[in-house]
Amino acid sequence: MTMKIRKITTDQQIKACFAVMVQLRPHLQRNAFVARVRRQENSGYRMVAALDGRRVCGVAGYRVFECLSRGRNLYVDDLVTDAALRSRGIGQALLHWLVGEALRQRCRHLSLDSGVQRFGAHRFYLREGMRILCHHLAMDLTAKETALGPRVPKTGRRQRIVKTTRKLANGRAGTKQKPLAVSGRGPRQSTP
Numbered sequence: 000m001t002m003k004i005r006k007i008t009t010d011q012q013i014k015a016c017f018a019v020m021v022q023l024r025p026h027l028q029r030n031a032f033v034a035r036v037r038r039q040e041n042s043g044y045r046m047v048a049a050l051d052g053r054r055v056c057g058v059a060g061y062r063v064f065e066c067l068s069r070g071r072n073l074y075v076d077d078l079v080t081d082a083a084l085r086s087r088g089i090g091q092a093l094l095h096w097l098v099g100e101a102l103r104q105r106c107r108h109l110s111l112d113s114g115v116q117r118f119g120a121h122r123f124y125l126r127e128g129m130r131i132l133c134h135h136l137a138m139d140l141t142a143k144e145t146a147l148g149p150r151v152p153k154t155g156r157r158q159r160i161v162k163t164t165r166k167l168a169n170g171r172a173g174t175k176q177k178p179l180a181v182s183g184r185g186p187r188q189s190t191p
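If you count the sequence shown from 1, position 142 lands on 141 in numbering that gives the first Met the number 0, and the numbers rise without skipping.
Hints were generated in silico from the structure; no laboratory data involved.
Distance condition first, Cα-Cα at most 20 angstroms in a straight line; then the derived EDC-like pairs of lysine to aspartate or glutamate:
1) K6 with D81
2) K3 with E100
3) K14 with D51
4) K6 with E40
5) K6 with D51
6) K14 with D76
7) K6 with E100
8) K3 with D77
9) K6 with D77
10) K14 with D77
11) K14 with E40
All chains, please: the whole structure from these sequences, using the hints.
Structure follows, in structure tokens:
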């Protein structure tokens, strides 16, 4: 296999990546894929593909941005190898290209999120020298219920979020949760 990593820039190239990308993101729709990638490009999203001739063997999507916690960062949104071609060094080649791009862009960090159920991916990332530094938490704002209660019109939800946030900041948010047990030694003692 003679593989090359190429930046994906044209609509035709984006379309050619769909069959591999949908293996990682099964919710994507073929007819909306190019438009979605183009919208994400407005926020700095870029794609590269591992190609064997014209065959797309793997795809990566990434963004470069700066944040207070890490400084300049290359964030990997998507990294997927065609399922029929796994364990042939394609993912490794893409990751190494991304590390090189991060260095070219003068980034201090390369980071990504990986679904908790993706054990093979975790082994791969750890083997490649990545470390687990944090947990990524999310709330589905399209759901009928959220942790803050039933969905309400935006103004009501926003007011409730602001009110709850103020209570939390002032230490007045009441919860009825039991204290966590630590190593079977009973409830954790709270510290002021």
